[in-house]
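Given next are the chains, with one letter for each unit.
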Amino acid sequence: MVRNPEDSDIWNILASVLDPEVPAVSIVELGMVRFVEREHSGNVRVGISPTYTGCPATDVIVRSAREALEGAGFAHTEIQTVLSPPWTTDWITEEGRAKLEAYGIAPPVGSSADKRSLFAPSPAVRCPRCKSLHTTRVSNFGSTACKALFQCDDCLEPFDYFKCL
Amino acid sequence: MKWATCDLADYALRKADDTLVLGQRLSEWCGHGPVLEQDIALTNVALDLIGQARGYYQMAAAWRADGSTEDDLAYRRDTHQFGNHLLVELPNGHWGDTLARQFFFDAYNFFLLEQLAKSPVEEISALAQKAYKEVSYHAQFSAEWIIRLGDGTDESHAKIQASVNRLWAYTGELFEDTDLDRRLDGAVPLPSMLRADWLQKMREVFALATLELPDPNAYMQKGGLHGRHTEHLGYILAEMQYLPRAYPDAKW
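Each protein sequence line maps, in turn, to chains A and W.
By this note's numbering, the letter at position 11 of the first sequence is numbered 11, and the numbering carries on one by one without gaps.
By this note's numbering, the letter at position 117 of the second sequence is numbered 282, and the numbering carries on one by one without gaps.
Fair warning: there could be bad hints in the mix.
[What the hints assert, rightly or not] Every beta carbon over 10 Å from chain A, so not counted as near; a handful from chain W, in silico:
#, residue
1, Gln203
2, Leu212
3, Asp213
4, Gly216
5, Lys283
6, Gln305
7, Glu377
[Stated by the list, open to error] Facing chain W, from chain A, some residues (calculated, C-beta under 10 Å):
#, residue
8, Val60
9, Ala72
10, Ala75
11, Ile79
12, Pro86
13, Asn140
These aren't lab readings, by the way, just hints derived from the structure by calculation.
Every residue, glycine too, gets a C-beta built ideally from N, C-alpha and C.
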């Protein structure tokens, strides 16, 4: 992903667009914005990668991004869906990870590992509340497509884990 | 491109129909799962499959270039025009039936997407790369359940073995080579090429589950790819297509 400093105004606007399902992080922090291009005519093209193919938030995100840019005076905005290379949790920024944890969602641990091996042990996921590493995976599927359900074995609280993809 | 766009459109439609019909089937579990976490798991899988279906329908609509939209293809075709495998339209039955069907399909879908991700057709490869990562989680989930039920109590073992035996006749069709697949040689894998990996995965997981693998050369049901379906598909479509057919101009 190339970030042209001349386009920082556009990047800043996009950084105000939050994920409606996880309103603690922006689509820039999630690594969903893949490119920004400003044409000579003034038109703006933005590439956005969906996190999951069926994520119902994707349409809302595209609309919010367009509205934010139009509200800032960019009348002609084209949002392009970028499927390849596929979005990965590796693209979530450090700030994004810190904000997720502060919000109560454990950020992805390590990089998107090869999941071909069945029953690979779960990574040690840190409880966002008490920071204990003694946690257990309850289910690989959670309240949204991107999350798994965990429980802390020390403070006993259940929590969401943003799973590696 | 060296392949006919009408063939690519037909291929994308088959994949779209598979994922849409199975996604719709799994959605029936919403609110009926044995425990909340498993209810959520199946509906998450359903959501991924419907998302993948949408990608395939968009692709098919673009290649057909006849003005039809993704919604027309999903909601305004009848049973004989659907090209999904029979396996995905079968009723959910009990939890074991659903998970056996899911494991058969997930393992197939996993090896299929692994190949489609390498397709020289950019649209196919992009969607497959994305879907592959999602399906890895699906396959892990359904395989874990086969093992848990097979290597569980006497009752769960007997029930999942019966589910596997009953559904087995619908697995052969997953590896049926059709003229369409042959015309798309180089763009998509021949289904029969996926069978060895799939069978190997079955043997591996069934051994862990202490289940018996049915005879791979047993008689197999076919017809779905050619629009000849079981009586179950019509009911799914009637429910799924009711609203857009009753109110064709309805906007969401």
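Let me know if the C-beta of A/Val60 comes in closer than 10 Å to any C-beta of chain W, holds or violated. violated (13 Å)
Take a quick look at W/Gly216 and tell me if its Cβ sits farther than 10 Å from every Cβ on chain A, holds or violated. The claim breaks: W/Gly216 does not keep its Cβ more than 10 Å from every Cβ of chain A (closest is about 2 Å).
Is the nearest CB of chain A more than 10 Å from the CB of W/Lys283? Holds, because the least Cβ-Cβ distance between W/Lys283 and chain A comes to about 12 Å, which exceeds 10 Å.
Classify the label on W/Glu377 as holds or violated, using whether its beta-carbon is more than 10 Å from each beta-carbon of chain A. With a cut-off of 10 Å, W/Glu377 remains clear of chain A, as the shortest Cβ separation is near 20 Å.
Cβ separation check - W/Asp213 to all of chain A, threshold 10 Å: It is violated; W/Asp213 is separated from chain A by about 5 Å at its closest Cβ, not greater than 10 Å.
A cut-off of 10 Å on Cβ-Cβ distance, and W/Gln203 was said to be off the interface with chain A. Does that hold? At roughly 7 Å from the nearest Cβ of chain A, W/Gln203 sits no farther out than 10 Å, so the non-interface label is violated.
Interface hint for A/Ala75, Cβ within 10 Å of any Cβ on chain W: violated (25 Å)
Holds or violated: is the Cβ of W/Gln305 farther than 10 Å from all Cβ atoms of chain A? Check fails; 6 Å does not lie beyond 10 Å.
Hint check, A/Ile79 versus chain W [nearest Cβ-Cβ separation less than 10 Å]: violated (15 Å)
Hey, does the A/Ala72 contact hint survive, CB to chain W under 10 Å? violated (27 Å)
Any Cβ of chain A at or closer than 10 Å to W/Leu212, or is the non-interface label fine? W/Leu212 is in fact no farther than 10 Å from some Cβ atom of chain A, at 4 Å.
Does A/Pro86 pass the interface check with chain W, least Cβ-Cβ distance below 10 Å? holds (4 Å)
The structure fails hints 1, 2, 3, 4, 6, 8, 9, 10, 11 (numbered hints given earlier, in ascending order).
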